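Fit chain B to the supplied structure of chain A, relying on the hints for placement.
There are 2 protein chains.
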Amino acid sequence: MNRIAVEKKVLNENQILADELRERYRANGVLCVNLISAPGSGKTALLERTLERMDRAERVAVLTGDLQTENDARRLAKFGFPVKQITTGGTCHLDARMITRHLADWKLEELELLIVENVGNLVCPSSYDLGEAAKIVLLSTTEGEDKPLKYPSIFFKSELMLLTKIDLLPYVPFDAGLARENARRVHPGMEIIDVSSTSGAGLDLWMEWLKARRARVVA
Amino acid sequence: MNRIAVEKKVLNENQILADELRERYRANGVLCVNLISAPGSGKTALLERTLERMDRAERVAVLTGDLQTENDARRLAKFGFPVKQITTGGTCHLDARMITRHLADWKLEELELLIVENVGNLVCPSSYDLGEAAKIVLLSTTEGEDKPLKYPSIFFKSELMLLTKIDLLPYVPFDAGLARENARRVHPGMEIIDVSSTSGAGLDLWMEWLKARRARVVA
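Order-wise, the sequence lines are chains A and B.
Per the working numbering, residue 448 is the first one in the first sequence, and the count goes up by one each step.
Per the working numbering, residue 448 is the first one in the second sequence, and the count goes up by one each step.
It is worth saying that the hints were derived from the structure and are not from the lab.
It is possible that part of the hints are untrue.
Pairs count within a copy or across copies, as identical chains cannot be separated in the list.
Below, simulated SDA-like cross-link-like pairs (lysine to any residue); rule was C-alpha separation at most 25 Å, straight line [said to hold, decoys possible]:
id, residue 1, residue 2
1, K455, T535
2, K604, E517
3, K531, E592
4, K456, S574
5, K531, H549
6, K455, D502
7, K525, D552
8, K531, D593
9, K531, E559
10, K455, G537
11, K525, R473
12, K525, R471
13, K658, T645
14, K554, R661
15, K554, M637
16, K525, L625
17, K604, T516
18, K531, W653
19, K525, E592
20, K658, Q515
21, K604, N518
On a predicted model such as this, the values are computed, not experimentally measured, just so you know.
Chain A extracted, bound-state conformation (with noise of 0.2 Å):
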């Protein structure tokens, strides 16, 4: 067997891991978003803003993946939710097989908004479906305004982009009129929120975004 055709059998197996997962989460009333982002862009710290403005009693948990280091599950430990580390070793992404098997003792009927953070990589995380709801793709105004035409495909299926560490403008040569025009020249229609992990800013509208995606999967 070739390559492409070892890909396509992997991405295949991929896909009814996905399917399975989908259905469960349909099933229990499950709202999965997958953050994808490359390294440094501010997911972590976007989690600990989430998690520190939800409720005790919400039924929220979190995956979050890395190479190497249980240090995002600790900063995220923090909070009082449900926190796994997924480390995939030397994999550049999470896969619908470890999604599963991380979610063996967790209790699905227990939980309403299940957040995964996939591995920093703005490419090989947007190939593997692991059964989510939406994708949500982080761009950091210190990245450059031309990574959604530089890497298509996680801006094309992302439903949210967020416009990280936007209190860095004054300080960083970026267009951020740009760098959303290039989103939406990939994906027409994306939905766009700014936000500052530091500053605060946008917060509002990211937790108003997640409450009303998660009132779409109860209805």
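Same frame as chain A, now just chain B:
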């Protein structure tokens, strides 16, 4: 053949081509360096500042990789040196075959320095030898100090780490000392240079490093 066997086969085939490239660089006295980082860490901006400081008589060329767009080649062509874009389609890294193909109509005997700018990705490019004399990893001050621990392979394999965007240090919660400590935990003795393509800080040291590294090849 299973996935791991195919990956091994792909990497073995890549190694044969990379070894051929390495021998051609050696025979022609060319220093080849392979720049690797997350998307948006400032590889292209650094190369703009680097080419700008080179004498036009210097025999320098650049191959720059992206999934899509010719943007980087356009930015770099302004400086009058030979530049080619390698557009990978969906592929998350450069491989030795792409390099060989794009070098076909360049005369290596007329070059002294070949700079390869890899696809923005901290994971996959670390597995693909391109025949380079040295890998150089860029980490920006906006990304978080624990990246060397989370993505150890590329930090272990790189001869030099460039800590980029140091002009942003007053505005980001980044501990440069801790970042260097983490890098050297993964790779004891690794060389580290702090740079800013915006303020120009550290660029002289980087140009000196490059010059000294070239001298080692010619010798």
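- Hint by hint, work out which the structure violates, then give me just those numbers in ascending order. 6, 11, 12, 15, 20
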